[in-house]
Amino acid sequence: MLEKEKLRKADVYSGIVIFLFGAWVAWQASKMPMKDSWGGVQNVWFVSPALFPLFVGAMIMLLGLLLVRTALKAIGFKAFGDTLQWLFSRDLLQFLNTVSVLRFYAIAVLFLSLVYLYIPRIDFFLSAVLFLSVFITMFYFDEAELLKKLFFFYLAGTVFFIIYFAGRLDGLLDPVLPFAKDILALGFILAYCLYAWKLIRCNPLLRKKFRTGLIVAVAAPLVVGLFFKYFLLVPMPAEGMVVALLDAIWYFEF
Amino acid sequence: MMILDRIGTYFQMVFHLAADPFNILILFSSVLMGIIFGAMPGLTSTLGVALLTALTYGMDTPTAMLCLLSIYVGGTYGGSYASILINIPGTAASAATALDGYPLACKGEGGRAIGLTTTASAIGTIISMLFLVSISPLISFFALQFTSFEFFLLAFFGILISGTLTSPDLVIKGWIAGFLGLFLACVGRDQLQFFPRYTFGIPELDSGVEVVPVLIGAFGIPQIIQVLKDRFQIGETQKFQRILPEFGTIIRNIPRIIRSALIGVGIGSVPGIGEDIAAWVSYGTAKNTSKHPERFGKGEITAVLSTEVANNACVGGAMIPLLNLGIPGSPPAAMLLGALMLHGVTPGPMITFEHPTFIMEVAAILLLASLSMWVVGMLLAKQVVKVLRIPVQLFMPIIGILCIIGSYSLGINIWNLYLMLPVGIISYFLIEMGYPIAPLVIGVILGPMADENLRRALMVSQGSFLPIFTRPVSLILFLVIVWTVVSQFPTYRNFKNKLMDKVFRRKSCEVDVDIDGPEEG
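Top to bottom, those sequences are chains A and B.
With the numbering used here, the residue at position 91 of the first sequence is 91, and numbering never jumps.
With the numbering used here, the residue at position 118 of the second sequence is 1118, and numbering never jumps.
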């Protein structure tokens, strides 16, 4: 949680956002049938589907306003003006470049890319190994410079995959090469590992961490994935190269 | 006769559950897993229950409950390991334990402290289980008299009180979080007319927001981001010798144990607030009533005892409103509610009719879980604390993968992931800005109950709010809600202070007169 004074400054903005959100909730609710007919049934206000959302929206608006008022009362309009100035100054850029914020970006990008890009398209095991190997090495090395380099390498690879899928290149490559996207993902994992190794090879402590990290990154998805796939019989979100191989082993499909 | 019947049924349940070796295996492994989750700083019992819910999907309801309740009990207790040995609370519930547990470990009494917390936690759970069994029929009886107005007000009260008591900053933020949860509950087709609300033509949203992915997102993702972003480091573990059950200390402190258990059960049964608050209140009470308050914070054994009894007593306490009213008493209980719904059990006043032995079953599981927790704590504590050596950077990403596969496997729906992640990221920002997450979750869970009952009540009264004032329970709930809201405003507090000043000044004047009177006479 932020410090008290920063918190009050943030409250002004969060209060405004919440007020606007409440207004949107109420506005959307006002479009719902209030007294008109729906599905052949004439509505009355007290059974309308809009009743509860309208109440919720109005309450969110009210509480948002109260929050803004409380925060402004605590910090005064001058501090609010200063914060507004800060938002348009270079200090904001400096803040956005701090290591702590970079760590946040890294985690957010890792999760967003895994959930919206890799998991729905690439074999679960490969997606998970990629996610874990990048996540663990980035943070386990515990060096800001390494984190930055590894993050940008991962970002570049992710941008490549976005272009690959958005440009529908998978449709072109898949008929020619089976499991093309999985092979590409495997290539990305190997490239990332080689790059990370290149960066840390001179440091014995980091080399040890790298080895441990990779073992965990490969073992964890195998344990978790095998348990869900073969014991709980949960089909993986995307089943590709690795699942096909595991199926062959599990069901003796030779 | 009825009481004897109930006792008979209860012990039948205990023996039935304990007779199956598979159940015993599940019991011990779940308790152990819960202890590990509780012990590892950054992981919580709520997260443990949330992640394991996915694994229980294929199990029958009693086995699933055995698994989840054991994790809950183990997780609440496990937090004390990190508190005592590294001075970092494994869970918020054990934060108060660290104050005196760590100084004890520094004095070389870590083994004694862990032994005491193990026994105290088991006793706390057992006492709360007794309350669950004895109070439930009474609450259930009253709840059966409730109509839609009462249920709407009860749900609303649950969200408000949870927002009021869990907010780390301004109370308004707790309420905002609760209403945001209520908004999430509005998404999907409404229950009465099937009108699509906030679905934007997306068919996956028609069935509404799934509770479990929201819970996993709200509790799991912010935890991962916070721990890794703030470069959380686990300190060096204090050494400890043999672990003894400390029965002597327990017997000497029976009144303290009962008082702490009552605090735990009482706070646990208030919607949405959990073990952490129970532990702090119990700690405060123990200090205020102690003959040696100056020893607190320096390794006072009764402080450790009070906090651990209270936080584990909260488990049974949280089950009371959950099972009888369908209102979760704590965040892990909210998760349990989600799990129960997945298994087709709808907690509420009707539970005694639909599943007559269910509450007894839960009580039997709590007893078995507390006993196995004691056994595991006594025998394996030395091994379990080894997990404290695992760096957070190694296990947090794995928790991320578990959050993802856990959300997905419930319903085998990738849409759950698309929902879980934004909820998690928004929750992180909310936490950073001082908004509590428990009311949001409670809002998502109680939203459908509030919505449906409000409209049903108004339908019966033809749009009149008058029954709120004519029905005694409604009126009481309404007044409590009004008081909860009004008491948070400075105007009310100023008025109250002025009133108190006036009353007390007048009284003291009267006392002065009385005292002076005879002398003059």
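Simulated from the structure, these hints should not be mistaken for lab results.
Owing to the predicted nature of the structure, the values given are computational and were not obtained by experimental measurement.
Just so it is clear, CB atoms sit at the ideal spot from N, CA and C, and this is done for glycine as well.
A few of these clues could be false.
[What the hints assert, rightly or not] BS3-like mimics (lysine-lysine), calculated; alpha carbons at most 30 Å apart, straight line:
| no. | chain 1 | residue 1 | chain 2 | residue 2 |
| --- | --- | --- | --- | --- |
| 1 | B | K1502 | B | K1291 |
| 2 | A | K73 | A | K149 |
| 3 | A | K208 | A | K198 |
| 4 | B | K1107 | B | K1298 |
| 5 | B | K1496 | B | K1107 |
| 6 | B | K1382 | A | K208 |
| 7 | A | K209 | B | K1382 |
| 8 | A | K149 | A | K78 |
| 9 | B | K1498 | B | K1386 |
| 10 | A | K78 | A | K148 |
| 11 | B | K1382 | A | K73 |
| 12 | B | K1287 | B | K1298 |
| 13 | A | K4 | B | K1287 |
| 14 | B | K1498 | B | K1107 |
| 15 | A | K198 | A | K148 |
| 16 | B | K1386 | A | K209 |
| 17 | A | K209 | A | K148 |
| 18 | B | K1107 | B | K1287 |
| 19 | A | K4 | B | K1107 |
| 20 | A | K73 | B | K1298 |
| 21 | A | K209 | A | K149 |
| 22 | B | K1496 | B | K1382 |
| 23 | A | K4 | B | K1502 |
| 24 | B | K1498 | B | K1382 |
| 25 | A | K208 | A | K149 |
| 26 | A | K73 | A | K148 |
| 27 | A | K148 | A | K6 |
| 28 | A | K198 | A | K209 |
| 29 | B | K1498 | A | K208 |
| 30 | A | K73 | B | K1386 |
[Stated by the list, open to error] Just so you have them, the derived chain B footprint on chain A, three or more residues with Cβ under 8 Å:
| no. | segment |
| --- | --- |
| 31 | 41-47 |
| 32 | 137-149 |
| 33 | 234-240 |
| 34 | 244-251 |
These are the hints, each one checked on the structure:
1. Distance restraint check for K1502 of chain B and K1291 of chain B: the Cα-Cα separation of roughly 34 Å exceeds the 30 Å cut-off, and the hinted pair is therefore not satisfied.
2. At roughly 44 Å between alpha-carbon atoms, K73 of chain A and K149 of chain A are farther apart than 30 Å, so this suggested pair is violated.
3. Using a Cα cut-off of 30 Å, the hinted pair K208 of chain A and K198 of chain A holds, with the two alpha carbons roughly 14 Å apart.
4. The hinted pair formed by K1107 of chain B and K1298 of chain B meets the criterion: a straight-line CA distance of about 10 Å does not exceed 30 Å.
5. Restraint check for K1496 of chain B and K1107 of chain B: not satisfied, since their Cα atoms lie roughly 47 Å apart, outside the 30 Å limit.
6. For a cut-off of 30 Å, the pair hint linking K1382 of chain B to K208 of chain A stands: about 26 Å separates their Cα positions.
7. A C-alpha spacing of about 26 Å is found between K209 of chain A and K1382 of chain B, which places the hinted pair at or below 30 Å, so the restraint holds.
8. With a CA separation close to 40 Å, the supplied pair K149 of chain A and K78 of chain A exceeds the 30 Å bound.
9. Of the pairs offered as hints, the one joining K1498 of chain B and K1386 of chain B is violated, with about 56 Å between alpha carbons and a cut-off of 30 Å exceeded.
10. For the hint linking K78 of chain A to K148 of chain A, the alpha-carbon distance of about 37 Å lies beyond 30 Å, and the restraint is violated.
11. For the proposed pair K1382 of chain B and K73 of chain A, the alpha carbon gap of about 53 Å is over 30 Å, so the pair is violated.
12. Proximity of K1287 of chain B to K1298 of chain B is assessed by CA-CA distance (about 12 Å); at most 30 Å being required, the pair is judged to hold.
13. Restraint check: the Cα-Cα separation between K4 of chain A and K1287 of chain B comes to about 28 Å, which is no more than 30 Å; the hinted pair holds.
14. Between the alpha carbons of K1498 of chain B and K1107 of chain B the distance comes to roughly 49 Å, so the proposed pair goes past 30 Å and is violated.
15. Straight-line distance between C-alpha atoms of K198 of chain A and K148 of chain A comes to about 15 Å, which keeps the hinted pair within the 30 Å bound.
16. Distance restraint check for K1386 of chain B and K209 of chain A: the Cα-Cα separation of roughly 19 Å lies within the 30 Å cut-off, and the hinted pair is therefore satisfied.
17. For a cut-off of 30 Å, the pair hint linking K209 of chain A to K148 of chain A stands: about 18 Å separates their Cα positions.
18. The hinted pair formed by K1107 of chain B and K1287 of chain B meets the criterion: a straight-line CA distance of about 21 Å does not exceed 30 Å.
19. A C-alpha spacing of about 36 Å is found between K4 of chain A and K1107 of chain B, which places the hinted pair above 30 Å, so the restraint is violated.
20. Between the alpha carbons of K73 of chain A and K1298 of chain B the distance comes to roughly 40 Å, so the proposed pair goes past 30 Å and is violated.
21. Distance check on the hinted pair: K209 of chain A and K149 of chain A sit about 17 Å apart at the alpha-carbon level, within 30 Å; holds.
22. Note on K1496 of chain B and K1382 of chain B: the hinted pairing is violated, with a Cα-Cα distance of about 53 Å set against a maximum of 30 Å.
23. With a CA separation close to 34 Å, the supplied pair K4 of chain A and K1502 of chain B exceeds the 30 Å bound.
24. The suggested pairing of K1498 of chain B with K1382 of chain B is violated, with an alpha-carbon distance near 56 Å, which exceeds 30 Å.
25. With a C-alpha separation of about 19 Å, the suggested pairing of K208 of chain A with K149 of chain A holds against the 30 Å cut-off.
26. Taken as a hint, the K73 of chain A and K148 of chain A pair is broken in the structure, with Cα atoms around 40 Å apart against an allowance of 30 Å.
27. Distance restraint check for K148 of chain A and K6 of chain A: the Cα-Cα separation of roughly 27 Å lies within the 30 Å cut-off, and the hinted pair is therefore satisfied.
28. Taking the CA atoms of K198 of chain A and K209 of chain A, the gap is near 14 Å; set against the 30 Å cutoff, the hint holds.
29. For the hint linking K1498 of chain B to K208 of chain A, the alpha-carbon distance of about 67 Å lies beyond 30 Å, and the restraint is violated.
30. Only pairs whose Cα atoms come within 30 Å are accepted, and K73 of chain A paired with K1386 of chain B is rejected, the gap being roughly 50 Å.
31. For the segment 41-47 of chain A, the stated coverage by chain B is satisfied: 6 residues place a CB nearer than 8 Å to a CB of that chain, which reaches the threshold of 3.
32. Only residues whose C-beta sits within less than 8 Å of a C-beta in chain B count toward coverage, and the segment 137-149 of chain A has 3 of them, enough to reach three; the restraint holds.
33. Counting residues of the segment 234-240 of chain A whose C-beta lies closer than 8 Å to any C-beta of chain B gives 3; at least three are required, and the coverage claim holds.
34. Counting residues of the segment 244-251 of chain A whose beta carbon lies closer than 8 Å to any beta carbon of chain B gives 0, which falls short of the minimum of three for the stated coverage.
In this structure, the earlier hints numbered 1, 2, 5, 8, 9, 10, 11, 14, 19, 20, 22, 23, 24, 26, 29, 30 and 34 are contradicted, and the remaining ones agree with it.
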